[in-house]
Amino acid sequence: MKLGFHLIPRLSGVVPESCLLIVVGLLVGGLIKVIGEEPPVLDSQLFFLCLLPPIILDAGYFLPIRPFTENVGTILVFAVIGTLWNAFFMGGLLYALCQIESVGLSGVDLLSCLLFGSIVSAVDPVAVLAVFEEIHINELVHILVFGESLLNDAVTVVLYNLFEEFSKVGTVTVLDVFLGVVCFFVVSLGGVLVGAIYGFLAAFTSRFTSHTRVIEPLFVFLYSYMAYLSSEMFHLSGIMALIACGVVMRPYVEANISHKSYTTIKYFLKMWSSVSETLIFIFLGVSTVAGPHAWNWTFVITTVILCLVSRVLGVIGLTFIINKFRIVKLTKKDQFIVAYGGLRGAIAFSLGYLLSNSHQMRNLFLTAIITVIFFTVFVQGMTIRPLVELLAVKRKKESKPSINEEIHTEFLDHLLTGVEGVCGHYGHYHWKEKLNRFNKTYVKRWLIAGENFKEPELIAFYRKMELKQAIMLVESGQLPSALPSTISMQNIQPRAIPRVSKKREEEIRRILRSNLQNNKQKMRSRSYSRHTLFDADEEDNVSEVRLRKTKMEMDRRVSVMERRMSHYLTVPANRESPRPGVRRVRFESDNQVYSADSVPTVHFVQPSPLSTPDAVSLEEEVPKRPSLKADIGEPRGNASDNHQGELDYQRLARCLSDPGPNKDKEEDDPFMSC
Amino acid sequence: MGASQSAGTEHEFQELADRTGFSLEQIGNLNKRFRQLSNNEETLSREDLASIPALDNNPIRAQIINAFFDKRNLHQNEAGTVQEIGFEEFLMVMSHFRPAAMGITEEERENLRREKLQFLFNMHDTDSDGTITLEEYRRVVEELLSKAGMIGQETAKAIADAAMLEVAGTTRGKMEPDEFYEGITFEHFLQILKTFDIETRMHVRFLNMDTATLRCGKSK
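As given, the protein sequences belong to chains A and B, one line each in that order. Counting in UniProt numbering, the first sequence runs from 1 upward without gaps. Counting in UniProt numbering, the second sequence runs from 1 upward without gaps.
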């Protein structure tokens with residue numbers, strides 16, 4: 001059914017997926033009721049233990065760290081103070097409403113109202129994710145609403161438990177309120193601590209899994225789930241534990257695990273969270289049909305209206321205060337989207353369901369909650385996209401990762417830290433820099449296997465880009481001699497053709513060999529959207545056979561090129577470099593047969609085609625061929641060399657055992673640039 | 001500072017505030033910091049900046065210090081560097097890091113972008129010829145990765161080359177084989193960093209409170 005939804009673009013343009021799922025749930029529920037059976041209801045246990053964790057883990061693991069940490073202050077203010085405001089405002093006003101005689105609800109006391117307020121006030125991450133994913137709003141607003149929905153769990157848990165206890169006891173003292181505040185800190189910080197501990201454990205474990213690659217994903221899932229369960233057991237905030245675990249674990253685990261495990265983790269998380277989300281919404285629909293209802297027009301309508309009003313007031317008020325401390329202020333449009341995006345969802349429903357049956361208002365509350373959820377998901381969910389377009393809110397920039405931007409991001413970081421140092425105060429960047437250094441010297445040493453921990457981010461990013469482009473090249477399967485050329489190294493470098501000394505060659509070979517191990521693990525792509533796992537698919541499509549075939553093709557064409565170009569080449573006298581790859585590269589620098597696609601091929605420094613020691617030794621053999629002299633005007637000599645080169649190369653290729661996806665790159669940049 | 005002196009400096013500060021856009025409190029604080037760094041002299045030299053401990057671990061420390069003494073950043077249209085700067089020049093360099101005010105027009109925002117990007121450009125273009133050549137860009141990346149050891153050196157060249165190719169590719173499109181891409185001009189620089197919202201990223205929070213009394217980078 002999800003497939004159908006995505007295949008009908010018009011439908012998905014109008015109705016967010018979550019709405020459709022709820023409607024389906026309603027239909028299914030109705031159907032079951034008609035048949036006469038008892039429809040399955042959303043069991044709260046099932047929800048909290050099985051359905052919710054995958055979604056939260058998915059969200060936490062792929063949380064974009066940079067925008068999150070830059071805005072963490074704002075997010076916390078919205079999450080904590082905003083939710084508190086919502087809860088009390090709604091609870092209070094509803095209580096006032098119930099006091100009015102005509103409503104007929106005078107039996108409802110303040111605590112029950114406050115309890116209801118606390119259940120219904122929390123913005124729901126599932127609903128937010130489902131709706132916001134499709135509107136591609138700009139990063140700032142997205143992270144604000146999303147971060148808030150994740151972090152307000154602590155507040156919700158505390159308030160809910162507090163009010164539940166109080167309403168049983170019946171009276172409240174100042175001491176209780178104070179304890180409540182303490183409880184809040186314990187719950188949230190405790191949850192984060194538990195999550196962080198499990199995160200470090202997972203990272204530490206992953207350091208040793210180089211021999212058992214198959215179970216690596218299992219560790220990730222296991223530790224995260226244990227973090228969730230442990231914190232739920234102690235009545236701490238499970239969601240915050242899960243987020244903390246994912247966030248802490250990710251950089252170290254990704255440096256350690258194999259590329260295939262990383263893909264597995266990514267796919268599994270997306271799959272589970274997708275399934276969970278679908279199930280949640282369907283169950284919501286079914287439960288609506290099934291559950292006992294007590295309808296009271298005034299109460300329900302007031303609840304819905306109050307929800308909206310309190311949200312808007314809260315956002316405006318808080319933004320006013322926050323903007324005094326922010327440098328990049330939140331505009332009115334941003335505020336509107338933040339307020340409008342405060343959707344309620346299944347968590348509220350499950351919490352309501354958890355209310356013990358002794359609560360006399362339970363059914364009424366449930367009905368009201370369901371109405372609020374329906375309203376927010378349907379009305380707000382459906383209208384948010386046209387509103388976003390109408391208000392011309394800034395959308396997410398769909399830009400490819402550019403290496404220039406990456407360089408400048410890092411450059412800017414250091415620059416700003418330096419300027420802060422000159423100014424003399426310990427600002428944002430200073431602490432970030434300190435954390436990075438601490439991370440590098442102590443933490444990474446323990447948690448990352450091998451030599452990888454010394455690698456700076458820029459290099460990792462660059463390798464990732466290289467790999468991606470190489471794979472694209474192999475995918476396209478053809479050599480760019482067919483396409484018109486654009487820019488190559490020749491265009492940006494001064495004329496000198498590089499001359500390679502033996503010592504240099506050795507150096508380079510050593511570096512390439514050591515870098516090959518690093519390269520295999522360096523696949524990363526940032527994706528936190530449910531439906532688009534970009535770039536993940538190409539890696540798996542690269543098969544050995546295709547690679548070899550491409551290599552053969554490349555060789556053949558290169559030798560053709562060589563023969564043609566040999567007469568206007570200035571080849572250095574002692575051409576010792578025997579590897580066909582090297583020769584190829586040098587010729588490339590003098591005729592740009594490569595198109596824009598091939599631009600990256602010129603820069604494959606690290607990956608060497610040989611992964612086994614035997615292959616390496618074979619390569620060493622090749623230089624010993626004595627007759628490697630190519631002079632200008634000796635085309636025949638060249639041809640024979642080429643032929644030799646090809647033969648050798650084919651021999652090499654056949655000897656290779658497990659090439660892996662990054663095998664075809666044989667060009668070396670250092671040769672060209674010296 | 002004596003009473004008479006402070007009256008005179010108040011007036012100066014007001015002038016400076018108008019010219020550079022800082023508030024009076026911020027100028028006061030920056031002045032205190034300036035005095036602290038320069039050991040109460042009138043001008044600041046490179047050694048004064050070099051002795052800040054907070055800059056020790058910064059990989060692009062030399063470039064940052066140079067930027068303060070670069071004439072192009074001091075609104076003088078000549079190339080070259082000065083040996084010492086006064087407080088006004090200090091403020092001029094710092095003003096590049098002011099955040100964008102709320103509610104500025106599109107044109108002002110564009111100007112702000114250009115100014116900040118010009119500052120970055122000047123940092124890369126060390127020989128002041130108006131273009132960033134391959135060598136200069138390589139040096140930039142090498143400095144960035146200078147703490148990474150041997151591996152960093154080799155990759156730095158590759159990264160710089162890839163970046164240069166990217167610039168050439170985006171700005172020039174197709175090029176004949178014997179054409180030579182001289183270097184990144186400022187216009188090209190603007191173009192490749194188009195999606196980089198520098199006006200919101202390149203800023204430092206200038207506090208309105210007294211920073212000199214906090215324990216900061218300068219050792220006594």
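Note that these hints are calculated values from the structure, not bench results. Be careful, since some hints might not be right.
Pairs of lysine to any residue residues, derived as SDA-like cross-links and limited to a Cα-Cα distance of at most 20 Å, are as follows [stated by the list, open to error]:
#1 K333/A - A100/B
#2 K396/A - D18/B
#3 K32/B - D18/B
#4 K333/A - D197/B
Quick partial rundown of chain B residues pointing at chain A, CB under 10 Å, derived from the structure [claimed, not checked]:
#5 L24
#6 N58
#7 L74
#8 H75
#9 M92
Computed beta-carbon distance windows for the label pairs [unchecked claim]:
#10 G21/B - L435/A: 27 to 35 Å
#11 V181/A - T126/B: 53 to 61 Å
#12 E78/B - I321/A: 17 to 25 Å
#13 D18/B - I321/A: 27 to 35 Å
#14 S51/B - L313/A: 50 to 58 Å
Note that the coordinates shown come from a computational prediction; the quantities given were computed from them, not determined experimentally. For each residue, glycine too, the CB sits at the ideal point set by N, CA and C.
Hint by hint, here is what the structure shows:
For the given pair, K333/A sits about 18 Å from A100/B by alpha-carbon distance, which is consistent with the 20 Å threshold. Simply put, K396/A and D18/B have alpha-carbon atoms about 37 Å apart, too far for the 20 Å limit, and the pair is violated. Restraint check for K32/B and D18/B: satisfied, since their Cα atoms lie roughly 19 Å apart, inside the 20 Å limit. In summary, the hint linking K333/A to D197/B is supported, as the alpha carbons are separated by about 19 Å, within the 20 Å threshold.
This hint is violated: L24/B has a C-beta 17 Å from the nearest C-beta of chain A, more than the 10 Å allowed. Residue-level restraint check for N58/B holds (minimum Cβ-Cβ distance to chain A is 5 Å; threshold 10 Å). Annotation: interface hint on L74/B violated; nearest CB of chain A at approximately 16 Å, more than 10 Å. Below 10 Å, beta-carbon pairs count as interface contacts, and H75/B has none with chain A, the closest being about 18 Å; its hint is therefore violated.
Checking M92/B against chain A: minimum C-beta separation of about 13 Å lies over 10 Å; hint violated. Against the hinted window of 27 to 35 Å, the Cβ-Cβ separation of G21/B and L435/A comes to about 32 Å, which satisfies the hint. Distance hint check for V181/A and T126/B: the Cβ-Cβ separation is about 56 Å, which falls inside the suggested range of 53 to 61 Å. The hinted range of 17 to 25 Å is not satisfied by E78/B and I321/A, whose Cβ atoms lie roughly 47 Å apart.
At roughly 30 Å, the beta-carbon separation of D18/B and I321/A lies within the given 27 to 35 Å, and the hint holds. Distance hint for S51/B and L313/A: a CB-CB separation of about 52 Å, consistent with the stated range 50 to 58 Å.
Consistency with the previously given hints fails for numbers 2, 5, 7, 8, 9 and 12, ordered from lowest to highest.
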